[in-house]
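S.K.: Below, each chain spelled out in residue letters.
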Amino acid sequence: MPWPVYLAFKHLFPTGRRAAGASARRVLLLAVSISTVIFVGMLVVLWQNGALGRLHAYKYTGLGSMLGHLGLVWVWLTLAAAFVALIFRLTPFFNAMSIMGIVLGVTVLITVQSVMNGFSHEYEKVFILAQGNLDIWAKEPIRNPREVVSLIKQVPGVKLAEPVTFGQVMLIYQDNPLVPKVRSFDMNSPDAARNPLAQSVGLGRFEDLDDKSVLLGRGIYSQLGSPPLGSKVDIYTPLMVARMKKDDVLMPKELEVAGVFETGWTGVDDTTIAVTLRTMQDLYGFNDEAHTIEVRLDNDDLAHTRALAEIIQQKLQPLNDERVAAGGPDAKMSVYTWEEMNKDQLQILFVEKTVMFYIMIVIVVVAAFCILCSLATSVVRKTREVGVLGVLGAQPPQVAAIFCLQGLFIGVVGTVVGIGLSLILLYYRQDIVEAFVDQRQLIEFYKFYSFPVQYRLTDFEEILGFTFFISTLAGALPAWWAARLKPADCLRYE
Amino acid sequence: MSAPILNATGLVKHFATPAGDLPVLGGVDLAVGAGESVSIRGESGSGKTTLLYCLAGLETVNGGQLAWDGQPVMTLTPSARAPLRARLLGFVFQSYYLTPELDALENVLLARRLAGRIRPEDETRARDLLGRVGLGQRLRHVPGKLSGGEAQRVAVARALLNRPRLLLADEPTGNLDERTAEEVIALLLRLCAEENTALVLVTHHAGFASRTARALRLERGRLGLVGPV
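Chains A and B supply the protein sequences, listed in that same order.
For the first sequence, our numbering assigns the number 494 to the last residue and increments by one with no breaks.
For the second sequence, our numbering assigns the number 1229 to the last residue and increments by one with no breaks.
Please keep in mind that the hints were generated in silico from the structure rather than gathered at the bench.
For glycine and all other residues, C-beta sits at the position ideal for the given N, C-alpha and C.
It cannot be assumed that every hint is accurate.
Output of the computed footprint for chain A on chain B, the stretches with three or more beta carbons under 8 Å from beta carbons of chain A [as the list claims (entries may be wrong)]:
{"no.": "1", "segment": "1053 to 1059"}
{"no.": "2", "segment": "1069 to 1083"}
{"no.": "3", "segment": "1098 to 1104"}
{"no.": "4", "segment": "1109 to 1115"}
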């Protein structure tokens, strides 16, 4: 290997610093001591905030199970402490501290970015679940929606298409009022039963939904006190209220509970009920109309979705021309992807993720300053060694390369360890979160049952690239100093 | 008759200071033949180390000529001089200047590593040299585990690894006790003779200086002969 690489590696991991025999036993003893102290402190904190009792009550089958799990946590802590102690054993103190700085920075960055990706991905799934991959809207309700559906289903890649009507109603059961969202299913369409929401009916049967019945989301069902199937609920709509203002009698629509669906997303389960398209048309005074055509594709990939949106828009053009000519410009139908439908929420998530990235990256920058200080100190300490290298035939750029490469090696080691640590933290994320936050609070606020995470290669590439770059750059100033040193001056240095 | 290994004529060196130029060398002439040993003595501050660095091409001179093995050196750029110096010259310093992160064998091989790839015969030679300096059992010891004398022996082995034509030694016994210094000097002279390497030894010690083939004295910026030719 080129000698600057060799010397840079040796400066980082000098010969003679090995953890074997007695020193290995010392490393292990130190690791056990540190991990035990941390573990006991963690138990105290968990006990004080009631988490131990909560974990015992809700998460584990018994005391033995909980103790076993906590014991595993202690083992992980010991391994981590042993690894840190090993790094401090194998490399000089300042280098080890620099490595730890990079480890912390990379761990935080990957953890935060992966969790933010997870949130985005979960919201993406909820959006697609609730709205489909594509929606076709016009400025007025779409007339003869089945004609549009049959046109759209000719496009390859379209798995389902059905007319849907949305709204908000007041639902009352035994004097218990709620205001859920309501969506419709066209029971005459074979695609209705293939809708993911329809397939999530756990209590009752989706096929039992008719013009006199309703499906409740799991959360709605629980809030109403778990009414048995066949119970009657009263539905009030804005149209009914408007008629009441004209002195008409306000009579609710009485529907029978036909089933309960549970998609797994509280944003849907806690807020939505489902009726037939005919029922919705009655409730909202529509004729053969629907608010939208909900389209589901064979593939959720966003690029594929965008491409099919364009194809479907072109497919609808002749029908649009007809309808606009007959009914005016508001009849024009436009195709929207789920991304376009929810761009405000997605933009918020993107901004959150980006801002978090730039805030967290400061940690890596601070670590890079630590590397710079460490290497600058190294240049001063090794002034005479730099002189000897010059005497032995080293060129200034080669001497500079030693210190730049040290920075790079610190970055590489810290990044690899940081990635490993972040993957372990993310694997145990649910346990860590539940130790400090009641899961019910988690569900109530974020609407997820479990803490989401998604790994994206681009995030790893960006973080690795930046860390390697900034670590090498941190070595550049000390390297420049070293390269400017004259051998004779170095040898005279006291 | 072959060209001298080292041929310096009229070397002039002064340092610029705020108070004006400080003259150090006022026209030094020195020629060293192949395998010859030369010692240079002088009082503290007489410029012995400066002279050595000028002879090694590490200091720029203000006048005069210098040639290594017949090759003019002053006309070369520092980057062109460095590989020539690595090939032709070896160095032993007062403070050993071993790399603390490398063990004895790695320190010796460093001289070869800077010159290019290490070949198997280089490692064989390094082991042989360390054996000849009495450190055959201490190959894997880092400088921190070696005594001053042992560290200086490693430095001697490092200096001789590339089979230099000329070895420059700047007070190699300055940090050693009398007995260890005696051993190191004897070792240095013996190995240089065995390797047919010329030696320029800068020393305070009159006894050590008298053991070289020629003893010179640096006074008022000039070299004068003291001992036998």
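S.K.: Look at each hint and say if it fits the structure.
M.R.: So, going through the hints one by one against the coordinates:
Counting residues of the segment 1053 to 1059 of chain B whose CB falls under 8 Å from any CB of chain A gives 4; the rule of at least 3 is met. For the segment 1069 to 1083 of chain B, the assignment as covered by chain A holds, since 3 residues bring a beta-carbon within under 8 Å of that chain's beta-carbons and 3 suffice. Remark: the segment 1098 to 1104 of chain B is confirmed as covered by chain A, as 5 of its residues place a Cβ nearer than 8 Å to a Cβ of that chain, reaching the required three. With 5 residues carrying a beta carbon less than 8 Å from a beta carbon of chain A, the segment 1109 to 1115 of chain B meets the three-residue requirement, and the given coverage holds.
In summary, this structure violates none of the numbered hints.
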